Amino acid sequence: MSESTSTDNGVVRQHEFVTNRPAEVEVHVNAGRVDVELVGDHGASVTVRRLTEGGDTLVNGLSGLFNWVNSQFVGGEQDAPTDEAVKQTRVEQTGNRLVVRGPQGMPLRVVPLSIVVRVPRGSHVNVTTGSAAVNLTGATGAAAGRIDVTTSSGDITVDRTDGSTNVQTGTGNVRLGPVHGTLRAKSGNGALEISAVHGPSKLVTTGGDVWLGAVQHDVEVRTGSGDLTVADAASGRIHLASGSGSLRVGVRQGIVAELDLLSVSGEARSELPVFEERQSGWDNPALRVEGRTASGNVLVTTSVS
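In my numbering, the protein residues as written are 16 to 320.
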């Protein structure tokens, strides 16, 4: 079922689909915001409308351009660019595959759109945007699907992941909740923030800072010039490398850690307590930390949590 209604904020399109299993979801849009909600076990819906947050200046400029083009080359009355962008957004379902694709031609491709997709838990999600932010919720459970999100400059937010997750952005920031599956994250100058790491993870940035909360699995983090912080390391092999950034690792109290730290031109030191007598767990420490930086400082201390 699909319907289109006119409101004070322009045209709103709503589509509902019948499905009783996880879906393959693809969303491709340039500007605006994409919200993907994984809820329930059946049914899917897509809502497309104009994004009203902070887009008025751009929209007004596009309206002037759109009206001028129509008067010069088309003639007659035409829909506002925001309404036209909503109408030209393609929403298609083929079998178990659901595709949402925003307008590709100028000037409609730069109109900021709000796209809300609701699909069953366990669905595979693939989102590609330019400047549009992406927010994903509900990717939980043993049957959690695969998540792939790529943006040029849009921020990426995921509340929690239990499956395989791959996120990539140029200048946007990435904020993830607890990660229980495998994670691959890449950023140019945007920051990466992950509240907890419970699955194998590999993170790479060019100049963006990386902040990790509780870490209980193997993690590899590399950056050209960003600072790397681990707030509460408890277990796993943690490898941190930065060209010119600083490294800081907080080790959970009572955890025996093996450290291998090096700074070529900066200072590398540990504030962890040193014992004269051999302690339990030294033969096979639960936590190993390797830190490398060319010109930044390296500090390992006890976490405050």
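FYI, nobody ran anything at the bench for these hints, they're computed from the structure.
Everything numeric in this text was worked out from a predicted model, so none of it was measured.
One should not assume that every hint holds.
For each label pair, taking beta carbons as the anchor points, the in silico distance ranges come out as [to be verified]:
#1 252 with 119: 19 to 25 angstroms
#2 102 with 60: 14 to 20 angstroms
#3 62 with 179: 24 to 30 angstroms
#4 68 with 275: 45 to 51 angstroms
#5 124 with 58: 36 to 42 angstroms
#6 210 with 300: 20 to 26 angstroms
#7 121 with 60: 28 to 34 angstroms
#8 67 with 116: 45 to 51 angstroms
#9 280 with 235: 45 to 51 angstroms
#10 54 with 215: 43 to 49 angstroms
#11 163 with 310: 32 to 38 angstroms
#12 111 with 284: 30 to 36 angstroms
No residue lacks a Cβ here, since even glycine has one placed at the ideal position from N, Cα and C.
For each hint, the structure was consulted:
no.	hint	result
1	252 with 119: 19 to 25 angstroms	violated (44 angstroms)
2	102 with 60: 14 to 20 angstroms	holds (18 angstroms)
3	62 with 179: 24 to 30 angstroms	holds (27 angstroms)
4	68 with 275: 45 to 51 angstroms	holds (47 angstroms)
5	124 with 58: 36 to 42 angstroms	violated (30 angstroms)
6	210 with 300: 20 to 26 angstroms	holds (24 angstroms)
7	121 with 60: 28 to 34 angstroms	holds (29 angstroms)
8	67 with 116: 45 to 51 angstroms	violated (22 angstroms)
9	280 with 235: 45 to 51 angstroms	violated (23 angstroms)
10	54 with 215: 43 to 49 angstroms	violated (28 angstroms)
11	163 with 310: 32 to 38 angstroms	holds (35 angstroms)
12	111 with 284: 30 to 36 angstroms	violated (55 angstroms)
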